[in-house]
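J.: Chains as they are written, first to last, in the numbering used here: chain A, 1 to 121; chain B, 122 to 518.
One thing to keep in mind: the hints can contain errors.
[Unchecked claim] Straight-line alpha carbon distances no greater than 25 Å define the calculated SDA-like cross-link-like pairs of lysine to any residue that follow:
hint, chain 1, residue 1, chain 2, residue 2
1, B, K466, A, K96
2, A, K93, B, K466
3, A, K12, B, I299
4, A, K118, B, I299
5, A, K96, B, M369
6, A, K93, B, I292
7, B, K331, A, E112
8, B, K316, A, F30
9, B, K336, A, E112
Please keep in mind that the hints were generated in silico from the structure rather than gathered at the bench.
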Amino acid sequence: MPKKILLIEDDKFLRELMLRKLLSLNYDVFAAVDGEEGIEKIKKELPDLVLLDLILPGMNGFEVLEMAKKDPITNKIPIIILSNLGQGEDIEKGLKLGAADFLVKAHFTPQEIINKLKTIL
Amino acid sequence: MEIIELGKNEPQACSEAQLAQIRDEEFRKIRMAFLNILEDTEDARQGAVKEKNKTLTIVDNLTDGVLVLDENNRIELTNPLVDIFLKQKQENLLGKNIFKIKSKKSELSSLVALLKSGKKNKIKNIFRKELLLGDKLYLEVTTVPLEENNNNRGTLIILHDVSRDKFIETIKTEFVSIAAHQLRTPLSAIKWTLKMMLDGDIGKITAEQKDLLEKTYQSNERMIALINDLLNVTRIEEGRFLYKPEPMQMEDIVDTVINNSEEILRMKKTKLKFNKPKELLPEVLVDKEKMSMVVQNLLENAIKYTNLEAEIDISLEKTDKDVLFKIKDSGVGIPKEQQERIFTKFFRGSNVIKMETDGSGLGLYTTKNIVESHSGKIWFDSEEGKGTTFYFTVPFI
């Protein structure tokens with residue numbers, strides 16, 4: 001059974017690139033374009049892992065993370081933050097809310113992101 | 122003879138009349154002198170009043186708030202800005218001891234709290250200490266002891282409004298932070314695309330294509346690094362930079378940085394020596410990430426501004442109160458006439474610009490700020506064409 005991965009990302013091109021990479025490695029991938037859709041899909045699909053952007057239209061990534069971690073059904077799902085924020089206080093906030101890792105997009109290649117994801121799955 | 126006779130008698134007769142005349146004359150002179158003195162005094166008094174009014178007018182119209190206290194901390198003088206800043210009426214302040222004024226307004230008590238030293242009601246010596254009143258009034262407070270022949274005559278307190286500067290600073294920092302974040306998104310897309318093409322994820326590419334794409338990828342990486350530098354600079358200026366100090370061994374920080382730089386050291390065929398004392402150095406209180414950045418910046422500079430097969434010596438040692446870090450290279454050096462500017466923002470040496478190395482001119486600026494925010498010092502010796510040694514210290518815990 002391929003692992004199920006949810007990608008929450010509002011930038012169309014970044015979403016396409018990441019989906020492409022994940023599909024090529026035979027993951028079962030699906031995407032959400034904003035926070036509301038993201039939390040809905042976390043609850044409905046119960047993925048094995050979530051890649052979560054922080055700056056999203058409407059509900060932001062921190063809020064999605066907080067909601068997912070509060071819900072006993074979804075709180076075990078590992079969530080990796082994949083954002084272009086990346087200052088000390090953002091990272092601290094993300095990890096405190098229960099993120100499994102915090103990756104700054106501009107500092108990681110898709111393959112490096114996959115490698116991180118493998119260590120958690 | 123007659124004349125002689127007359128002359129003989131005359132002195133006496135004459136002296137009576139003359140004396141009276143002299144006396145009159147003297148009285149007249151004395152009176153005049155008195156009148157003159159009175160007139161001068163009056164002039165002086167008027168002059169003094171005029172002078173006092175002039176001084177008061179100047180004080181009243183200063184763009185800073187001014188309070189003058191006597192030696193018993195009683196308020197002798199205030200200007201209208203003090204009333205506005207502290208939300209007080211002048212008559213409630215004048216003649217009263219600053220430590221004993223009761224007021225419902227929090228502004229005055231905030232100021233008094235800043236001024237008070239210890240338990241005793243003594244005014245602290247402060248220079249441009251920042252004080253936030255309400256939610257947007259930022260004042261810089263300075264106290265100046267007034268001394269006359271070594272006797273304390275009281276204190277002058279100056280309140281300088283810096284709210285506008287603060288506001289502009291915040292806007293500027295926010296702007297750069299947001300701009301940097303927004304710039305990263307398209308750069309991430311470029312990075313990911315190039316890397317996927319280079320990895321052959323999109324299909325096979327020729328060696329020539331690969332070479333070009335590799336160079337494009339490196340340019341993009343440089344752009345990302347530049348944005349990180351910019352972000353760091355704004356963070357430093359915001360003062361939020363050191364957010365997580367912890368006790369550490371400097372040896373560990375240097376070791377980690379050297380390990381992370383192995384690839385570039387190998388590429389440049391650099392010979393690196395790291396001398397650390399046999400005994401463990403005292404711990405220092407540092408922000409690990411930022412202190413690593415300092416060591417990294419200095420090491421990168423040493424590597425970057427040295428031609429192939431350079432020799433770099435790093436050492437750590439203990440001095441009286443600090444750990445001293447030293448890094449010596451055999452590089453191009455810093456031109457003498459530019460040495461005093463090397464820690465300024467965006468500075469790049471004229472000789473290194475010619476070498477076509479990349480660099481933002483922010484590295485040493487950031488480095489100095491980080492060292493200083495750890496209460497350390499940074500300095501260097503350099504000779505163009507021979508090499509440079511950088512030193513910095515971090516105090517023990």
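J.: What's the verdict on A/K93 and B/K466, does the C-alpha distance respect the 25 Å limit or exceed it?
T.: The given pair, whose Cα atoms are some 31 Å apart, is violated under the 25 Å limit.
J.: Given the hinted pair B/K331 and A/E112, is their alpha-carbon gap at most 25 Å?
T.: Roughly 19 Å between the alpha carbons, so the hint for B/K331 and A/E112 holds.
J.: Holds or violated: A/K93 with B/I292, Cα cutoff 25 Å?
T.: Answer holds: A/K93 to B/I292 is near 23 Å, not above 25 Å.
J.: If you draw a straight line from the CA of B/K316 to the CA of A/F30, is it 25 Å or shorter?
T.: holds, 22 Å
J.: Tell me if the straight-line CA distance from A/K118 to B/I299 falls inside 25 Å.
T.: violated, 32 Å
J.: Is B/K466 within 25 Å of A/K96, Cα to Cα?
T.: violated, 35 Å
J.: Within 25 Å, alpha carbon to alpha carbon, are A/K96 and B/M369?
T.: Holds. A/K96 to B/M369 sits at ~23 Å (cutoff 25 Å).
J.: A/K12 and B/I299: Cα distance at most 25 Å?
T.: holds, 20 Å
J.: Taking only the CA atoms, is the gap from B/K336 to A/E112 under or equal to 25 Å?
T.: holds, 20 Å
Hints 1, 2 and 4 from the earlier list are contradicted by this structure; the remaining hints agree with it.
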